[in-house]
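K.L.:
Here are the chains, one letter per residue:
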Amino acid sequence: MQLDAKTLDTLAWLSRLDIPAEEAEPLSESIAEMLTYFGQLSELDTEGVEPTAHIAPLENVLREDIPAETRLDRDLLLSGTQSEDGLITLPKVIG
Amino acid sequence: MDYTTMNIAELSALLEQGDVTAKALTEQALQKIADTDGRFGAYLTVAQEEAMRQAEAADKMRAAGNAGPLTGIPFAMKDNICTKGVRTTCASKMLENWLPVYDACVTERLKAAGAVMLGKTNMDEFAMGSSSENSALQVTRNPAAPDYVPGGSSGGSAAAVAADECAFAIGSDTGGSIRQPASFCGVVGMKPTYGTVSRYGLVAYASSFDQIGPLTKTVADNAKVLEAISCHDRRDSTSLPQFDTNYSALIGKDLTGMKIGLPQEYFGEGIHPEVAALVRKAADQLASAGAVIEECSLPAVSYALPAYYVLCCAEASSNLARFDGIRYGFRAEGIEDLDQLYRKTRTQGFGKEVRRRILLGNYVLSAGYYDAYYKKAQQARTLLIRAFKELFGKYDLLLTPVAPTPAYKIGEKASDPMEMALGDICTVPVNLGGLPAISVPCGTVTDGSAQLPVGFQLIGPAFSEAKIYQAAAAYEKSVK
Chain A
122 MQLDAKTLDT LAWLSRLDIP AEEAEPLSES IAEMLTYFGQ LSELDTEGVE
172 PTAHIAPLEN VLREDIPAET RLDRDLLLSG TQSEDGLITL PKVIG
Chain B
2 MDYTTMNIAE LSALLEQGDV TAKALTEQAL QKIADTDGRF GAYLTVAQEE
52 AMRQAEAADK MRAAGNAGPL TGIPFAMKDN ICTKGVRTTC ASKMLENWLP
102 VYDACVTERL KAAGAVMLGK TNMDEFAMGS SSENSALQVT RNPAAPDYVP
152 GGSSGGSAAA VAADECAFAI GSDTGGSIRQ PASFCGVVGM KPTYGTVSRY
202 GLVAYASSFD QIGPLTKTVA DNAKVLEAIS CHDRRDSTSL PQFDTNYSAL
252 IGKDLTGMKI GLPQEYFGEG IHPEVAALVR KAADQLASAG AVIEECSLPA
302 VSYALPAYYV LCCAEASSNL ARFDGIRYGF RAEGIEDLDQ LYRKTRTQGF
352 GKEVRRRILL GNYVLSAGYY DAYYKKAQQA RTLLIRAFKE LFGKYDLLLT
402 PVAPTPAYKI GEKASDPMEM ALGDICTVPV NLGGLPAISV PCGTVTDGSA
452 QLPVGFQLIG PAFSEAKIYQ AAAAYEKSVK
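Keeping their order, the protein sequence lines are chains A and B. Numbered per the working numbering, the first sequence finishes at 216, counting up by one with no gaps. Numbered per the working numbering, the second sequence finishes at 481, counting up by one with no gaps.
Among these hints, one or two may not hold up.
[Claimed, not checked] Pairs of lysine-lysine, BS3-like flavour, derived with a Cα cap of 30 Å: (1) A:K213 x B:K345; (2) A:K127 x B:K478; (3) A:K213 x B:K353; (4) A:K127 x B:K94.
Just so you know, these hints were derived from the structure itself, not from any lab.
This is chain A alone, in the form it adopts within the complex (with noise of 0.2 Å):
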């Protein structure tokens, strides 16, 4: 089994990344054959159960907003970044 051209393209854009030809097929194979592995899942009975996003028992809570030095400062902003006068430098992106 193997995916078609067109889903990989779509797949390959919504992860913003090219498929180098000679990796297309494997590529595809590869991601087929996990797809079906994955179909076993559809032979569970989910019926009524609810889904687990995550393991923590931990809700979402408010705090009070207190000033605090925080790390996003120019070293963290720039850290690894190419970078001129503070500022992040890009090519030319928009024509």
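Following the hints, complete the assembly by docking chain B onto the known chain A.
P.N.:
Relative to the frame of chain A, chain B by itself:
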């Protein structure tokens, strides 16, 4: 004297008596890495100067009377955990030269405890894999048998401990990434209850599963390291507010009355017969130490692996969206527009397995497939959690293999991601349930001239780490 073969408790005693200094231990550990790591490839970065500075600080801490159990003890950190000023690569081309500007919570805790970080260890890229072969940067070999994989994704951490290139190491476990390499390399590895070790500063792979934990030479050492790194941290929104961190409390206590279940599903088809036999032998040892062992059943595990892969790929596709060529390092050359900037950067920056999981994750999250895959997997997760809960009404702990096989040869499964995934079958149920589980060495399997270590897994309900360590330590003592 060779200190590198010693465990934390032994080193700590020597430091306390003044027989050795942290500086001397660190010098020897760094020399050991220089001598042997060319063969094993456990470390991606050796932080020599940083380590020597930390060692001197540790000696000062001791002189001032502020030493704890980890003060002056040399350790290794998995390379997906942020270390200020020491590069943190996730074994990816994407972050190959990235220097974090802050420490992860775990890094802060270990620094505060006076432990000495020797360097950062190799792993599967972004923790995706089970053999460390998906590292974009180097190959790591199993110290017990160098033609074999060390397991993964924390393969470098497990190998560093097994090769005596550190006294302990820190790993992360999303679907078995601490326990399976611990089993393959013959060391002790613990994946703690979800939410008990802060993920602040851990590069996210699948956030609802990722958990940091220790790899050590002994069970007692493991409990000590977990005690040092476990805490509530308000910077991690899933960090639990309150729990007991006295993980060593029950070590040495008798197992009389402890009930341990052996879920039959973990001993059937696909499990190497010698692995199953070694785990059953460990069950006999635990019985002779006073535990009551009973066969039991956990049918829900049969859906654990597909459910896990659906959810972890979905979470990964979302988490790794941040690597866009604008922030965090790598950016492709020759860009003409924004779409190209994203796509070329991500295609060149991520390795094959990472790209495959992102594609799969986007598939299961797409409109039209969401209910069939993603929601269904979340429901399967609920059913598994219920099944575990029911079993833990009857048993204190469950005993299973860690992996279906011992370590395999480098290259043997690298081209077959499905086969590689099946190797996670014994470990992922624990992550789906957010449970604690340990891997403890229980013998070796012979393959040609290689003696391949095998571990057993003890699984407990949430917050049962002290009990897991109690049983694991009793086993360890019984075989010494």
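K.L.:
Which hints, by number, does the structure contradict?
P.N.:
Hint 2 alone not satisfied by this model.
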